[in-house]
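Just so you know, the protein sequences line up as chains A and B, in that order. Each residue of the first sequence is one higher than the one before, counting from 1 in the working numbering. Each residue of the second sequence is one higher than the one before, counting from 1001 in the working numbering.
A couple of the hints might just be wrong.
[As the list claims (entries may be wrong)] Heads up, simulated EDC-like pairs for lysine to aspartate or glutamate below, C-alpha to C-alpha not over 20 Å straight-line:
| # | chain 1 | residue 1 | chain 2 | residue 2 |
| --- | --- | --- | --- | --- |
| 1 | A | K95 | A | E77 |
| 2 | B | K1002 | A | D125 |
| 3 | A | K95 | A | D164 |
| 4 | A | K485 | A | D608 |
| 5 | A | K428 | A | E403 |
| 6 | B | K1002 | A | E118 |
Honestly, the hints are just simulated from the structure, not real lab data.
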Amino acid sequence: MTGAAGRVIGRSVARNEDERLLRGRGMYVDDVRAPDALHVAFLRSPVAHARIRVLDVSAARAHPGVTAVWTHADLGEHAEPLPLLFPHEHLPHPKTQQPLAVDEVDFVGQPIAMVIAENRYTAEDAVELIELDLEDLPAVVDYEAAVDQGPLVHADLPTNVAADGTWTVGDPDRAFAEAEIVVRHRFVCERSSSMPMEPRAVLARLDPGTGSLTVWDTTQCVLPVRSALVAKLGLPEDLLHVIAPDVGGGFGLKGYLLYPEELLVPLAALRLRAAVRWNEDRREHFLASNHQRGQAHTIELAATRDGVITGLRDDFVQDQGAFIAYGLITPWIAASHVAGSYRIPNVSVRYRCVYTNKVSVSPMRGVGRPQSSFALERAVDLLAHELGLDRAELRRRNLVQPEDFPYAREGLFFAGYPVVLDSGDYPKALELALDAIGYDGFAAEQALERERGRYLGLGLACYVEGTGEGPYEGARVYVQPTSGKVQVTTGLTTQGQSHATTFAQIAADVLGLEPDQVQIEEGNTAAFGFGAGTFGSRAIVNCANAISLAALEVRDKALRYAANMLEAAAEDLEVGGGMIHVRGVPERSVSLREIAIAVNPIRYTTLDPSTAGVERFAPARTWSGFERGDGPLLEGSAFWAPSSTTWSNGVHAAIVEVDPGTGDVRYLRYVVVHDCGVMVNPAIVNGQIHGGVAQGVANSFFERMVYDETGQHRNASFLDFLMPYATEVPSIEIHHLETPSPLNPLGIKGAGEGGSISPPAVTAAAIEDALAPFGVHVDEAPLDPQRVRALIAAAPGGAA
Amino acid sequence: MKHAVTLTVNGERVEREVEPRLLLSDFLRHELGLTGTHVGCEHGVCGCCTILVDGAAARSCLMLAVQADGVELRTIEGLAEGEELHPVQAAFREAHGLQCGFCTPGFVLAITAFLEESETVDLSDGAIREAIAGNLCRCTGYQNIVEAVRIAARAMGKASA
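Can you make the complete structure from the sequences, with help from the hints?
The following block contains the structure:
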């Protein structure tokens, strides 16, 4: 049952959050007013690996305007290493970071001492007064070499290999023994970072009267942060509130917990009985906020001569950085996606995480998917080349077919669930992409342009995206009797995903309202106490279904009360336009607001005469008093726990032009075919794809974290780290398929990360295709003009 | 040693005593409470802190408050007239040109300066992308911001060059 205007789900309505943000009325953590707050600055390690010989903070403590200076020695029990989130038998050598370094530093940017002062300027002055003497240790930079040679990052461990595990599907050894053809190659993706425009920030305020501590944090996960702080600081949950107000982008980086500052700033507020704030500056963000992407895959495909892929082996190594608090999440996600959109029945994937003297890695948009997709799709291209078979045809012959669903890969796991691809039409997606990019006519165009001295190339890649992991999310839906607005509260947070609009559309759809009549409250542990957070393309799948169920409860109640008020049978009523009316008799109607007023026996009609209007209806209840499940308010609450994960899928295709003289690469076309099930708001889905592709493009040709042989981070600023501007990101052409997921009532799948998965594979393939006359092979991401020129120079046809 | 500065911010006269090293961005945010001006890098590259200084787009993190003595500033808070959004703001909403909103004020002001600069504007994709290539956005991939520039130019009556 829906409003007169038709379904609200599926409409590209403008966003509820925009007006506020466009007027400069956003409320990011650093915008929260706290004029009395003390400010924090950190002394961070200037080197990658060293023993601390002298750490003397006495001059800093004596500096005017300084309240306190802490080293690990001042932290007491809080000097202990931060928690390991996901212990596992494949992780025999876990190491997590101490909030402030103890005796040794393991990466450039690691916090050593914390200055708390009247303002940031003074705090930074005092940091400069700290005497630090370090004895250099050899730095571990090359993670592949560090597997079995060279110095150790952690001297008390026998190895740099923190984790080592293997997953197997079917019988890969047999598949390779019986293969008619085998291809094998090593593919590498380099380190980058989520790099949200808003750096991290924490503000904590102790209310000396109540003893309650409120923490404003740029986190993607308020409830897990609260749980961690409750455990660490010993406050009960009613006295510890975590608020993520507006957050300026996260992309996974802000979903990590705990960063040292997230413990130290609240601890300072508690101990100093004050408000304390820390704002990360961009250099700190480069050095001490987590990175991702760095993986080297050695992948093999076994196939028949007619192009049926029968087996896959992947052995990959991850540049872990100095610590591994997030366990094996990233390698697991890489491994779970390693067979992509293909039927490959026999799979073996080995993952190793190797410590290096760099900042740790943790999930970043796409997590391990872009890397394993890069290895797989490049290997498929290589196999097509070896077989002399068209690369689109090879893909066509191996795609999971519509009748194969649910398609299980027994032995692989995604987010703790067995990998079972739930639905989709992968062949249709491929054909749509080939058609959109003009695949059939491209070879002729390419040949023609080559004669004119232009090097054009086409790249193609398929992907799957596991989304919607649980365990659950929930929502409370409530009709305000004062305004008639519907208030939806969840345990999530938002960093640009447009929840205030898409979640409003879900509730509006059920309650027959327009989305601007629904307001969404998130990111406040005091408002909603259960849930995990916004990450892993999971928010809409879990929360939209919870909101829908809660709104259905509200609708059922409203219909029951309305039937009484209108003296009609509930089955004769319709919901729409914020009203419930008798079918065919629109003037016999009652608004949601009037029902919300009528159900509350306390009405204050003399204080608010506008509530008196409900007297014209019959009583909302036909009984006296409340029965079980009844109450003075119109609300519903529900949780949604998925039985398994939903799998989005798609195909990317691009045409690039390469200038062999300068090594420059320009995208001429970029096509995305995307299937995330039922779309709540297509414009917002498109925005997610645009942003994901832009990050993927960055990982293809621009962004890398550059370290020298001493582990010094050499490009820790926006001047040197090439984050793409509008002039570098291509215009993206999107085609949608909508295969509803059978796993939830709304048929929704996640859409947050899909865009970021394929660009490195597509770009590499396109560059390789463009430079085919030189015999160039691309097996790394990102490239840059220098690398393109070096590849040409080293290629068989490049010497001329 | 503090210095007296007098300037106009969003049409209102402001007089303050400031430390010589205080950044203009910090002055706007912390002294005047105009937190719509965001700080993304403090080294003049990201453009989040872009404001209008005597009508021209400028990075407020690269100016000291004392350098703003005598100038006229416009920040995101002063762009809309009453209930009505400025055409650039309205275009961002129409085109879904913002997601997290952190870079948005800087983009809106840079684009406002760009569109107010002349009567005719080149609205080709390439020209618009050049015009906004002083600001970083991590959410949108820029495509809808390009579209917002086009919508705003039309609303502001700019002829296509």
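Taking the hints in turn, this is what the structure says about them:
1. K95(A) / E77(A): 18 Å, holds
2. K1002(B) / D125(A): OK: K1002(B) and D125(A) at ~18 Å, within 20 Å.
3. K95(A) / D164(A): Judged against 20 Å, a Cα distance of about 15 Å means the pair holds.
4. K485(A) / D608(A): 17 Å, holds
5. K428(A) / E403(A): Satisfied, since the Cα-Cα distance of roughly 13 Å is no more than 20 Å.
6. K1002(B) / E118(A): 17 Å, holds
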